[in-house]
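Here the protein sequences line up with chains A and B, keeping their order. Heads up: the first sequence begins at 1 in our numbering, then just goes up one per residue. Heads up: the second sequence begins at 1 in our numbering, then just goes up one per residue.
Treat the hints with care, as some may be off.
[Said to hold, decoys possible] With a Cα cut of at most 27 Å, we get these calculated DSS-like pairs of lysine-lysine: (1) B/121 - B/105; (2) B/81 - A/225; (3) B/203 - A/278; (4) B/110 - A/225; (5) B/212 - A/49; (6) B/71 - B/58; (7) A/108 - B/81; (8) B/178 - A/225; (9) B/71 - B/34; (10) A/193 - A/49; (11) A/108 - B/96; (12) A/70 - B/207; (13) B/79 - B/110; (14) A/108 - B/105; (15) B/121 - A/108; (16) B/79 - B/64; (17) B/121 - B/58; (18) A/70 - B/205; (19) A/225 - B/79; (20) B/178 - B/149; (21) A/504 - A/490; (22) B/96 - B/81; (23) B/64 - B/105; (24) B/103 - A/108; (25) A/70 - B/203; (26) A/64 - A/193; (27) B/58 - A/225; (28) B/205 - A/49; (29) B/96 - B/149; (30) B/103 - B/178; (31) A/225 - B/71; (32) A/64 - A/49; (33) B/149 - B/81.
Source of the hints: derived by calculation from the structure; they are not laboratory data. Quick caveat: nothing in here was measured; it's all calculated off a predicted structure.
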Amino acid sequence: MAHHNEDEGSIGTSMHGVTAREQVFSFSVQGEDDGPSSHTARFDDPTAKFALPVDSEHRATAFKPFSFAKPHMTAFHLGWISFFTCFISTFAAAPLVPIIRDNLDLTKSDIGNAGVASVSGAIFSRLAMGAVCDLLGARYGTAFLLMLSAPTVFSMSFVSDAGGYLSVRFMIGFCLATFVSCQYWTSVMFNGKIIGLVNGCAGGWGDMGGGVTQLLMPMVFHVIKLAGATPFTAWRIAFFIPGFLQVIMGILVLTLGQDLPDGNLSTLQKRGEVSKDKFTKVFWYAVLNYRTYVLFLLYGFCMGIEMTINNVISEYFFDRFQLELHTAGMIAASFGMANFFARPLGGYASDISARFFGMRGRLWTLWILQTSGGIFCVWLGRATSLPIAILSMMLFSVGVQAACGAIFGIVPFVSRRSLGLISGLTGAGGNFGSGLTQLIFFSSSRFHTADGLSLMGIMGMIFTLLVAFIHFPQWGSMFFGPTSDERKSKEEHYYAAEWTEEEKRQGLHEGSLKFAENCRSERGRKAASDGFSHSTPPENGNPAHV
Amino acid sequence: MAIHKILFASLLICLLIQSSHAATKERLFSDLEKSALEVTATPSRVGEGVVLAAGVDKLSITWKVSSTATKEPEFNAIKVKLCYAPASQVDRPWRKTENELFKDKSCPHKISSWSYDPAMKTAQSFDYTLERDIPTGTYFVRAYAVDAKDHEVAFGQSTNEDKTSNLFSVQAISGRHKSLDIASVCFSVFSVVALLVFFVNEKRKAKIEQSK
């Protein structure tokens, strides 16, 4: 499908705005290709130097996960591995809780509150991260998070009571904002057509860290004990490993990474043009859109539940089924590891359903995945034998993680202007949901952990009903079709509504219009019968596009 | 689809193994013969409000088969354990006392194990130094008599039935070390300084390039 003349930069061939999956704070780099198009590649054609095929903005149009080619695939790998490392650090305490609770004389409330604290910090850091990346670039955004939170990981060696434990877990939790910097980085490096898959992989593989840590930390602890340390010292030493990983990744990001396909932000800011939108406007339109809040809550009950499970599941298996520490860790790890395929699968399922049923398909896919996750969570709480518990846990993991992928198949369409902020807010909703569920179900002796799991599953299913409230005038919702109003049922109307008349006169909303045209596929099969008379495929290089 | 079949098969096998174990799991604490053993535990330091230090202080433990013990012929070995007093079980469900023996988690710390010699009618005594992984809490000592199948048949403890008398407190080691603290500070400083060095360096290079 990609016959467009990508390497020529001719008018109308820019893939900018083809699909929704792009950073709001996008910019154009005035490269050397601002002359009339030429059909022969020139010697100084900058696109010739990229290992991957690129579009006119030098964003990669192909995704090759086994490649480490600069700058695109390097950025992808550095991004997701940084996020992965931060997940390891944030949940590193969870599998070691049986040892830590004896060392620090913790009660169930102490453990639960620390779990809440570990995910709460990121609510705020994720919101701020978008702005930080704009200011400093994705590279420094990531490196700052990694290297400034590494001291908090090392400071576990000082902890001697419940208060200290809670504070340290709270501070470590801030680094989960690498989710935003990672997605920001891939969004500037990869073309809109493949960004869904790229972001799904980056997000899913990063989330795997929550699973890997359940395996890694008990193993490291065990090895340190064999080397002669007593348990109450060994767990503190074990925390040095995530700390080292963070420092190493920070250095790698700074030395190997690049902010943008053409160079680093500071260099480019002084050379080319970096146009930005006004933050107050972006904020305003995000806050006015009710779907932002619905997505905030929905993500809280897929990603939020996933993070809660990362914190409680290892201890649950250890206590309920009388397992060894590393056995419980292994089982808990398989929950998080399912992310490797489950999250991309969810995004893919969303895309497939959109092809047939448009946005309605996406919404139903999300509802089905998240509700089945809830059902299996209830089953996990009821399970009294180990094999059933493991089976239900695995099905539960696929359900919620695929739901996470499916939500980010919908987020890009909610707003074009405020995409970055809404993505950040949705991400923050995940942390909020995790804090809330841990506070209600796992921080007091009111519920047995098993009952807490079942009740959390039921709460998740109830909140998932909110999907029915996401309605797009141009595409409808789960139960209702698009509005019959001729004017309002156009995609252009929805996305142009985010700009004032003054801004429209200045032509600032052109990007939104282009985007609106290209997301007509969200009407489903009907889009084909509507005919593509409205959307001019870029192959023709039709100047009328501009 | 093959995956589903394998999953189902393994599930079936696991369930079968599970059910075969079920029969042995219902041994109850309340079925054990109480006070079959007379157990005393004397800390090395006694007094009002004395807290023993893990890894340092000792317990002097003696156990003797009571003359009233009826299941004595079944005794094969004596297992002595450190158990949590009720005060240390509050808001800590992982230390809960359960009647089903396999579920009971109130006596997780093994002190020692002695094989039982019916000929020895006198009290056995030994010293036990509190291990360095004993958590902070209030404790008492219990001795279980097990039979040849390693099933508990009787017990005796150093406290009364309500677990309110003759308890002793232990303070755990902190687990902290000065060398660990220093290493932690060093790596933290390195991390922050490395970041700042990179940042400042790059800003400088960008300025130089711009001025060219």
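Against the structure, the hints:
1. B/121 - B/105: violated, 31 Å
2. B/81 - A/225: Distance ~23 Å between residue 81 of chain B and residue 225 of chain A Cα, so the pair holds.
3. B/203 - A/278: holds, 25 Å
4. B/110 - A/225: holds, 19 Å
5. B/212 - A/49: At roughly 25 Å apart (the allowed maximum being 27 Å), residue 49 of chain A and residue 212 of chain B satisfy the hint.
6. B/71 - B/58: Given pair residue 71 of chain B, residue 58 of chain B is violated - Cα atoms ~31 Å apart, limit 27 Å.
7. A/108 - B/81: holds, 24 Å
8. B/178 - A/225: Holds: residue 178 of chain B and residue 225 of chain A sit about 18 Å apart, inside 27 Å.
9. B/71 - B/34: holds, 11 Å
10. A/193 - A/49: holds, 22 Å
11. A/108 - B/96: holds, 12 Å
12. A/70 - B/207: The given pair, whose Cα atoms are some 25 Å apart, holds under the 27 Å limit.
13. B/79 - B/110: holds, 8 Å
14. A/108 - B/105: This hinted pair holds, its Cα atoms lying about 15 Å apart.
15. B/121 - A/108: violated, 45 Å
16. B/79 - B/64: holds, 12 Å
17. B/121 - B/58: holds, 25 Å
18. A/70 - B/205: holds, 21 Å
19. A/225 - B/79: At roughly 26 Å apart (the allowed maximum being 27 Å), residue 79 of chain B and residue 225 of chain A satisfy the hint.
20. B/178 - B/149: violated, 48 Å
21. A/504 - A/490: Distance of about 17 Å is within 27 Å: holds.
22. B/96 - B/81: Distance of about 16 Å is within 27 Å: holds.
23. B/64 - B/105: holds, 25 Å
24. B/103 - A/108: This hinted pair holds, its Cα atoms lying about 19 Å apart.
25. A/70 - B/203: Between residue 70 of chain A and residue 203 of chain B the Cα gap is close to 22 Å, so the pair holds against 27 Å.
26. A/64 - A/193: holds, 14 Å
27. B/58 - A/225: With Cα atoms ~24 Å apart, residue 58 of chain B and residue 225 of chain A stay inside 27 Å; holds.
28. B/205 - A/49: The hint holds at about 24 Å.
29. B/96 - B/149: It holds: about 25 Å lies between the C-alpha atoms, which stays within 27 Å.
30. B/103 - B/178: violated, 39 Å
31. A/225 - B/71: Judged against 27 Å, a Cα distance of about 41 Å means the pair is violated.
32. A/64 - A/49: holds, 17 Å
33. B/149 - B/81: Holds, at roughly 19 Å.
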